[in-house]
Structure formats: C-alpha cells, structure tokens
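Asks: Letter by letter, the chains look like this.
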Amino acid sequence: MTVKQRWFGNALSYFLLLLTVAFFLLPLIWLIGTAFKPRLLAFSVPPTWFFQPVMDNFFTIFRQMPVLQYLRNSIVVAVGSTFLAVVLGVPAGYGLARHPGRASNVLAFALLVIRMVPPVAMLLPFYLLMRDFHLLGTYWSLILIDAVLNVSFVAWFMRGYYASVPQDMEEAACCDGCTSFGAFLRVSLPLALPGVVTIALFSFIASWNDFLFAMLLTGRNTRTLPLGILESYRAYEVSWNLMAAVSLFAVVPVILLGFALQRYYVSGLTMGAVRE
Amino acid sequence: MISSSTTDLACSGGSAPKRKRRFRLGRRSSLAFWVSPALILIGVFAIYPVAYSVFISFFKYKLTDPTKSQTFVGFGNYLAAFADPSFIVAVRNSLVFVVGAVGFELLLGLALAVLLNRELPGMGIVRSLLIAPLTLTPLVVALVWGALYNADFGPVSYYLKQLGFQLGAGPIGEPSLALASLVVIDVWQWTPLMALLLFTGLRSQPLELHDAAQIDGASPWQRFLFVSLPLLKPTILVALVIRTMDALKLFDSVFAITGGGPGRSTEVVNYYIFKVGLKYFDIGYAAAMSNLLLIIIVIMSALYLRALRTSGRAS
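Chains as they are written, first to last, in the working numbering: chain A, 1 to 276; chain B, 1 to 315.
Keep in mind that a hint or two might mislead.
What the hints assert, rightly or not - Cut-off 20 Å, straight-line C-alpha distance, at most; resulting in silico cross-link-like pairs (SDA-like, lysine to any residue):
1) B:LYS233 - B:LYS249
2) B:LYS249 - B:VAL187
3) B:LYS62 - A:PRO47
4) B:LYS161 - A:PRO47
5) B:LYS279 - A:LEU216
Rather than coming from a laboratory, the hints here were simulated on the basis of the structure.
With these hints in hand, go ahead and build the complete structure from the sequences.
Replies: Written out as structure tokens, the structure is:
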C-alpha cells in the first residue's frame, strides 16, 4: 500500500467512525440536553442544541413525584435480585463445571431454555402465585422473578467460566484437608472473581432496566424508576423535559457502571459468544 | 436428572478409572449439593409458572368471569389461535421485526467490527462510547425515540422534512412506517452489541492465516471474504441467537410509544399476548399463545445451534 492510499484509508475510517459515534450518541445527547431545557425549548422547532441549561425540571419532578423513593426501590430490587442470583448461581455453575456428564449437560440446557421463555408466559402465573402468597406489591415479588431469570443465566455463564479455571489449586486445597465447600470459598471463588463481577454486572443491569415485570408486580410504595419515568411522561401533559430529567436517574448510574467496569462487561459479552 | 453416579468421590477415596482425575474433590462434593439451592428457586418460581401456563392453556379461564369457572377445552385455545387473525398478524409483525432488526444489526455490526478492528489512535475511546447504548433502560430508549419521531416537534421528523421527505403523521404515526421505525430503535440500541461481539471474534483470529493469504496475493476484500468471514461464522451464529431471542421478546417500545398501532401495524406477538392476558384476562387463551411463542423460539434457537454445530465441524 502506498503512503497516499494508507492516508486515504485512515481518513475514510475516521470519517465513518465519526458518523457512527454521532448516530449512536446523538439520541443520548438529546436526552441529557432535554433534561436541562425549559419546557418551551424542549418542544422548539427547529430543535435547539445549544442553550442555557436550567435546573427547573429537577425541581419540578422532585415536587411532583417521589423520585428518590423510586431510586431507592430500583436499588433495592436490583441489588437484592443480583445478590440472590449470584449467591445461588455461582455455586451451581461451579458444580455443573466440576461434575461434567449427562446430568450436567441436561441441566445446562434446561437453564438455557428458561432464558428463552417469553416473559409474558411467566408473568401471568407468577402474578397469580404472588397474589396467593400475598407478596404482590412487595419488593419480594420483583426480586424473586428477576433473581430467577438471572440465576439461570449466572449458573450457565459460570459453568463456562469454571471450565477454563484450572483445578490444580482446588485439588491441593482439598488434599490439605479442606472440605469441598471450603475449597470453593477459599480457592475457586477468588479465582473466578472477574467472572463473578461480570455476571453480577449483567444481572444488575437486566434487573435495573426491567419494566414489564415492575409494571405488574410493584405497588404504590415499591415502584421502580422505569415506572416513574412513564408516569412523568404521561401523568400531566406530555413533557419530554420532565421525562428526560427522571430518566437521568435511571440512565446515568448504569452508563457509569458500564464505563467503569467495561473490561468486565466486554469480556462478559465475549464469554457468552465464545462458549455456545 | 441428578444422578448419584456422578457424586461422592472423596479426595482420599478410590479412583474412578473412567473419569480420569476430575472428581478428586471433597467428600460432600456432589452435583446435587452445588445445584440444588438454585434449582429449588428456579423450580418454585420458574418451572411452576411455566407448568401452570401449560396446564391452564387447555382450559377456558377468564379472570373477569364472576364464577371463575375453568372449562376444559383440550387444544381449543391452540386451534383458536390459528384461526385468530389478530394472532396471525402479531406473529407476522414479530417475524418482520426480527428479520429486519437482526438483519440490519448483523450487517451494520459486521461493518463496524471491521472498522473497529483497524489499529488507529483513538479506537479505544470509540469502543468505550459504543457501550453506552447497551446499558440504557429500553423503556427510556423507547420514550426518547418516541419524542425524536414526534411528527410536530420531533428532531428526526423535522430533519427528514428538511431533507424533503413528507411523512404525514410522522415515522410512528404512519402505518407503513411504524414497524420500520421500531426496527430503527432496536438497531440503534443493539448494533453496538453485535459490533463488539464480532470485533472480539475478529480480534481472536490467528494472524498467520491472514498473512498467508496476503502472501498468496489476496486483496483485503478477498481476505475478509475467504478468511475472516468463515472463521467468524460461529461467533456470528451465537450473536444471532442472542439477538433473535431478545428481539422476539420486544415489548417496551410497543407498549410505551405505539400501543400496537397505528391500526395493528406494530402489534407484535408479545404485546398481543400481554393484551389478551392482562387487559382482557383471557388467561387460558393467552397461555396457549405464549406456549406457541415459546415453541417458535425453541425451534429457531435449535436451528441456529444446529447450524453452529455443522459450522464447527467444517472448520
């Protein structure tokens, strides 16, 4: 390749990248901008991209709805279900990896099928079950369904992860007199920590972003952020500026989490892809 | 399912010659020990609902019916689904949506992955930025695009008008454009996922093959077509499974911004089942349809996985 060709190729690459980044970021920039726009500007034609930011929307939403309670509910549900899914799912994935064979394969396949069940199919019977347990409108109903969906994913993922973690150290610990559970806690779990962080991140994001289950299973006091967002959008008059302001509470934490843990996040995506 | 034959091989205890050295774990290490806590949770809160849904799908059961009577109708609900024009339209919409969304995501994702794979300064930042759409709450994404599409005040409609496109009721207001507009939303949120997956796939390919092809005089395009792409096939298939399963579950954007309309143009199967089950409370019928949907999903995944297995054998 001549120097000129390479220069042209690079320039073209940067141009295409610029277009790509613009396409994928503009809606996000619009959202963040709109949260700081006065109502009139939010609906201006042509759209305004440069303006004096104001905080009015945030004052309004804090007056109109319990945003901090929504935030707290979202945190309780996402942390609770992630915790449950990881505590139960990681040992399960470990067991499946360390006891290969027919039973392990069948179980792993069953876990995958659970991931495929359409949420609506699960939702109705689950709703009736929760009604009979008198758990509707409590944190438990939402934590449980998110945990169930996540635990199957966690176990399936950790099974693949542990397949690539060598067993020598576990065996050494085992022969030094550890029980198998002791060896798991002291050796296998720390060894797999990157995988656990990755899968916890995925569980957290899935549960944090859930809307369908939250809509049906939460009550007045347990509503999560997505419901608050829909409320801000619809309750009074369609107000994009208020919707955007509430949305930031839902969107900013996961974006920051994604950036901060991007190494884990991307490796998690790949793990899923490399191991069938 | 949990056989005791795979269990209880103590570290100090005898050797199982067939199993090599795999089970030299502690005394209480059995498959059942490790998986049962998770299985109990799944059994009670996932298997039970699914089993109930299979059971009730053979009954006529309406929650709104004051007598709460459950009449056994055999496969009546399933037959009703095939005769229900709304269900057929919903299935068709879902398939069109899945093919459109996943197809574009694959093409754009592949192009983007190739671009990302070029070693240029600043590429790391671009890859980081591309993670943002993936983490966003789908409901928020839907509402944002709903606003962008708005016929009177939305930026997308405005700029399209400036470019000379007359859209009338806006992208999601026109029956012929609404489903395609939802496809664009899905493509926006999930193409980066596809791109990152394929990028990692490309990154992990052995360089020797590319070098050999280059020495043999293959052009960059030929190297992509005959070296990279075949090696990438397993990754592509898995990415397709992941996205297809998710795209079939489309709900949030339909619920939040189109409500299935205009007309029935965006009523996808998930949304229709939701409507029948939780608005009309026709539980038996909704259960039957969701079971049909599950069968469709499992068949599609099985086809992909079979393609994956054959491609694995070929390479």
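Asks: So, for every hint listed, does it hold in this structure?
Replies: Hints versus structure:
The hinted pair formed by LYS233 of chain B and LYS249 of chain B fails the criterion: a straight-line CA distance of about 25 Å is larger than 20 Å. A threshold of 20 Å between alpha carbons decides the hint, and for LYS249 of chain B with VAL187 of chain B the separation of about 15 Å falls inside it, so the pair holds. For the suggested pair LYS62 of chain B and PRO47 of chain A, the alpha carbons sit about 48 Å apart, so the restraint of at most 20 Å is broken. A C-alpha spacing of about 13 Å is found between LYS161 of chain B and PRO47 of chain A, which places the hinted pair at or below 20 Å, so the restraint holds.
Pair hint LYS279 of chain B plus LEU216 of chain A holds up; C-alpha atoms about 12 Å apart against a cutoff of 20 Å.
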